[in-house]
Amino acid sequence: MAIYEFLSLNLNLSVEIPLGTGTAPMKGTCRVAWIKKAAFSEQYDAGLEFAT
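Once you know that position 47 of the sequence shown is 47 in this note's numbering, the rest is easy, because the numbers rise by one and skip nothing.
Careful: at least some of the hints might be erroneous.
Stated by the list, open to error - The calculated EDC-like cross-link candidates involving lysine to aspartate or glutamate, where the alpha carbons are at most 20 Å apart (straight line), are:
(1) Lys-27 - Glu-16
(2) Lys-36 - Glu-5
(3) Lys-37 - Glu-5
(4) Lys-36 - Glu-49
(5) Lys-27 - Glu-42
(6) Lys-37 - Glu-49
Unchecked claim - Computed beta-carbon distance windows for the label pairs:
(7) Gly-20 - Glu-42: 23 to 31 Å
(8) Gly-22 - Glu-42: 34 to 42 Å
(9) Pro-25 - Ile-3: 26 to 34 Å
(10) Phe-6 - Ala-51: 15 to 23 Å
(11) Thr-21 - Glu-42: 13 to 21 Å
(12) Leu-13 - Ala-38: 17 to 25 Å
(13) Leu-19 - Ala-39: 17 to 25 Å
(14) Pro-18 - Gly-47: 17 to 25 Å
(15) Leu-13 - Lys-37: 12 to 20 Å
(16) Leu-19 - Phe-40: 13 to 21 Å
(17) Leu-7 - Ala-39: 28 to 36 Å
(18) Ala-51 - Ala-24: 13 to 21 Å
(19) Gln-43 - Gly-22: 27 to 35 Å
(20) Thr-21 - Ser-41: 30 to 38 Å
By construction, these hints were calculated from the structure, which means they are not laboratory data. Cβ coordinates follow ideal geometry from the N, Cα and C atoms, glycine included.
Produce the complete structure using the sequences and hints provided.
Below, the structure written as structure tokens:
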């Protein structure tokens, strides 16, 4: 996941992922498992671990 602001490790997030037209989005809870600043960018790459 690419983001534009730093997130703390182990931060719990509520997420909603669109799956396509006519389909309900997937909703769940995840935590930030890892985060690193992307090279030559103001972006961060983050790994999320889903709990539900």
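Structure-based check of each hint:
1. Lys-27 - Glu-16: 4 Å, holds
2. Lys-36 - Glu-5: The given pair, whose Cα atoms are some 11 Å apart, holds under the 20 Å limit.
3. Lys-37 - Glu-5: Answer holds: Lys-37 to Glu-5 is near 10 Å, not above 20 Å.
4. Lys-36 - Glu-49: 15 Å, holds
5. Lys-27 - Glu-42: Violated, at about 27 Å.
6. Lys-37 - Glu-49: At roughly 18 Å apart (the allowed maximum being 20 Å), Glu-49 and Lys-37 satisfy the hint.
7. Gly-20 - Glu-42: 23 to 31 Å: Holds - the Cβ-Cβ distance for Gly-20 and Glu-42, about 30 Å, lies within 23 to 31 Å.
8. Gly-22 - Glu-42: 34 to 42 Å: Taking Cβ atoms as reference, Gly-22 and Glu-42 lie about 35 Å apart, which means the hint holds.
9. Pro-25 - Ile-3: 26 to 34 Å: Cβ of Pro-25 to Cβ of Ile-3: about 19 Å, so the range 26 to 34 Å is violated.
10. Phe-6 - Ala-51: 15 to 23 Å: 21 Å, holds
11. Thr-21 - Glu-42: 13 to 21 Å: 32 Å Cβ-Cβ, so the 13 to 21 Å window is violated.
12. Leu-13 - Ala-38: 17 to 25 Å: 19 Å, holds
13. Leu-19 - Ala-39: 17 to 25 Å: 31 Å, violated
14. Pro-18 - Gly-47: 17 to 25 Å: 20 Å, holds
15. Leu-13 - Lys-37: 12 to 20 Å: With a Cβ separation near 19 Å, Leu-13 and Lys-37 satisfy 12 to 20 Å, so the hint holds.
16. Leu-19 - Phe-40: 13 to 21 Å: 32 Å, violated
17. Leu-7 - Ala-39: 28 to 36 Å: For Ala-39 against Leu-7, whose Cβ atoms are near 18 Å apart, the range 28 to 36 Å is violated.
18. Ala-51 - Ala-24: 13 to 21 Å: 19 Å, holds
19. Gln-43 - Gly-22: 27 to 35 Å: 31 Å, holds
20. Thr-21 - Ser-41: 30 to 38 Å: Between Thr-21 and Ser-41, where Cβ atoms are some 31 Å apart, the hint holds.
Hint compliance for this structure: hints 5, 9, 11, 13, 16, 17 are broken, all remaining hints hold.
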